[in-house]
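Trainee: Below, each chain spelled out in residue letters.
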Amino acid sequence: MVRELFELDARRMNRKHAVTVWGAGMLLGVLGPVASAQVVIPDDYATIGEAIRAIEAGTELDHDIVIEPGTYTERVTLMDNITLRGRETARTFLSGGGSGALVTADGVSGARVRNLTFIDADTGVLIQGAGSGLEIANNVFDLGGSATGVRVADAATGAGATVANNVFVQLGTGVRRLNTQITVQNNIFSGNVTAIDTPADQTAQIITNGFFDNDNEGATGNVPVTGSSAGFVNPVARDFHLRPGSVAINSGTGTDVIDATVADLGAYGGPNADAFPFPVSGLGSTTAEDNAITLSWSENLGYRVGGYKVHYGRTRGGPYEGTDAGEGASPIGVLDDTITSLTLTGLTPQNQAAPSEAPQPAEPIPSNGTLSLRWSAVSGATGYLLHWGIDSVDENQRDVGNATRVDLSGLTNETTYQVSVSAYARDAIFFAVAAHYEQPRQEDDPVVLVDPGSALVNEVEAPFGAIFEGPRSAPVLGTPELLLATPNLPDEGCFVATAAFGSYSVSQVRLLRDLRDRHLLHSGPGQAFVRWYYQRGPIGARWLNRHPVLKPLARTALLPAVGLASQLTGGTPLLLLLLLAGVGGSVGYALRENRRAGEAAA
Amino acid sequence: MRRFVWLLLLCPALVLAQPAEPSPRWSLELKGGRFYPDVEEWSRFYGQDYATQFGVALAYKVHRRWELGLAGERIKDEGRALAPTQGILTGNVTYELFPLHAYLLWRGVFSEEQWLVPYLGGGWTRMNYRQSIENQGRAEGAADGYHLRGGVQLLLDRIDPSAARRAARSMGVHNTYFTLEAMQTSAEKGGVELGGVSYLLGVLFEF
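Sequence lines, in order, name chains A and B.
Going by my numbering, the first residue of the first sequence is number 1489, and it counts up by one from there.
Going by my numbering, the first residue of the second sequence is number 440, and it counts up by one from there.
Any given hint could be a false lead.
Claimed, not checked - Pair by pair, the computed Cβ-Cβ distance ranges are:
no., chain 1, residue 1, chain 2, residue 2, range
1, A, 1812, B, 526, 52 to 58 angstroms
2, B, 577, A, 1687, 53 to 59 angstroms
3, B, 565, A, 1848, 47 to 53 angstroms
4, B, 497, A, 1692, 51 to 57 angstroms
5, B, 552, A, 1587, 36 to 42 angstroms
6, B, 577, A, 1617, 54 to 60 angstroms
7, A, 1562, B, 611, 31 to 37 angstroms
8, A, 1546, B, 486, 55 to 61 angstroms
9, B, 587, A, 1898, 47 to 53 angstroms
10, B, 467, A, 1770, 49 to 55 angstroms
11, A, 1898, B, 577, 19 to 25 angstroms
12, B, 577, A, 1633, 32 to 38 angstroms
13, A, 1617, B, 539, 52 to 58 angstroms
14, A, 1880, B, 526, 24 to 30 angstroms
Just so you know, these hints were derived from the structure itself, not from any lab.
Ideal Cβ positions, reconstructed from N, Cα and C, are used throughout, including at glycine.
Generate the whole structure from the sequences, applying the supplied hints.
Mentor: Here it is, written out as structure tokens:
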């Protein structure tokens, strides 16, 4: 009965018919072929290859291999009458590790490959030998720039094969076909070098495919659908569901299993599409008031999505069995796909006790403007507060969440800080959001969300309520400072002096380095000057290197500083005398150079 | 004893008397090993007294026993910096050297089937460096210097002559050697010696 319903010409169906058929279609889409039991990867066999070998050996009787979401790095050789299908196209990846053919159909008959995303290989499906009736449906081929999605090895291959409702995206060649025995129907070819590569006299059986932004479309066949964009939701995130208004919606041949309307093009249309929306991302939370939390997420732009269900509970990772929110027990329906936030109110605090122990911090590890802190975890704590300051730990406070090691940065070098840590307890809920398709409806009918929703792959912890702080640890002391690496090497071209004197290792530059290390870094104003110089110095050095004629002037300007450095760092009077003599020489040289430059300009 | 002396005298003559063989012009060597920096207290900051070194060398034989080559290497170690006023080790340091060498090499080869070939050479070195300190930024630069290298090459073709013939036919590799090399490098920057001693093992293909 169900199959007969799908034979109806959906173009002639009215909406009420569509609603009736939709329910049965959803059931079929979720449950799959009824007659056959399933082999589940990785529950029954760790790899697809193991399952196929067991079927070939006769130790496994079922031929319907269902692959749970995940990435499977293996190459598969099909056998007769086997069905290989992912549970969710968008989350079930077959990867080749960069080369080879992911699935090889060598002379097999009646095999099916459905609902998979092919990545990272030279070829998605290779068809060779004298098989028949192969079906490749509702897959995404996102293999890489020079790869081929479906490749037929020779002209005698592929009798009765169907390549339907797939997405071929950013490939060298989408489908390479050598005869008309392979039907290519309802696919989307987007951003490929060549969409369909087939001999010029072999263009039959190419029906209602979509061609978008390909360099060379090849044979486009009957009733091609074209445009500048297929209208995918987010190709970068591999969400190839269709946005509202996409020209690929209801443009195919046959009927959609999801909503019983005319088949969409692409991986989520036709009779074998999976029924799962793409997972919801971008989850976040803010505490609205003591016992209320505002949850937020990113909109799922798939055109069939009619709303969301918000799952919440008190246990990390689920089950989400919360019941105390004023908005209802988990899951809470949001019957509008454009609404992307929900405030849960009236949450009941369950924890009113502060941790009884103080964390035990280790001695802070200093580095440049930073103290690295670690402390022992405290039983019952949901987070930690950091207290620090120069004269008192009460000067600053930061909530660091449930981390037990933190880098406290933005501190002043050569200054000693006191740091203390306290543990706190605070209530929190954990929440996740599923997108749901809506049941087809008339304009004024209420939205009815249908199961299954998208997978709950993203979870967020949302703290709320008062913080119950435990005792603080005894303060520990730490002093950040500039670090010295061994060997102590210069960064070339970064400083005005190096640029002016031409080398990092000349005696004048060494004197200035000694001045920095032995005097400037040991006083507050000196450190401030060094920080300023580290920011501005490279700019000045680059400018000076672009205007070498001014280097004598720069050397002259630096000589007083070099002389001072010589005295402060224990330089000899002879060097000072030489430097003073150098001042005169440099001034004379600079004046001469400037005069020459002026004469040349005149 | 007299027989031994005769044998010694005959050896060079036997080598010289061998018919002329086609000698390969190019060699490509892949090598790796340890670099012992010429820096005091290296192990205090980096945990052990050496760093790891990998490299590749391409050489051209201008004469049967003389070759000119170019080599590039990477030396890397990770350690800790010093907080100078507190005298403690803290903060991660990544130290990398990228030496480039141009060199002239003498190889004591008298026959293409000689199983042990000593060699000695040296040349110019450009020592590029990069040093990163956690929370503090990076220092980069380069220094010029020199290097001396010496070692032995062990002909592997004699272990499996048929495989060697296949390699020659299919890939044009005439000889394959296992190499043992010691190298002294020197390049100074700002009073800091960036060089050191390397001990390297490698595989060399002549084609």
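Trainee: For this structure, which hints from the list above don't hold up?
Mentor: Hint check: nothing fails, all pass.
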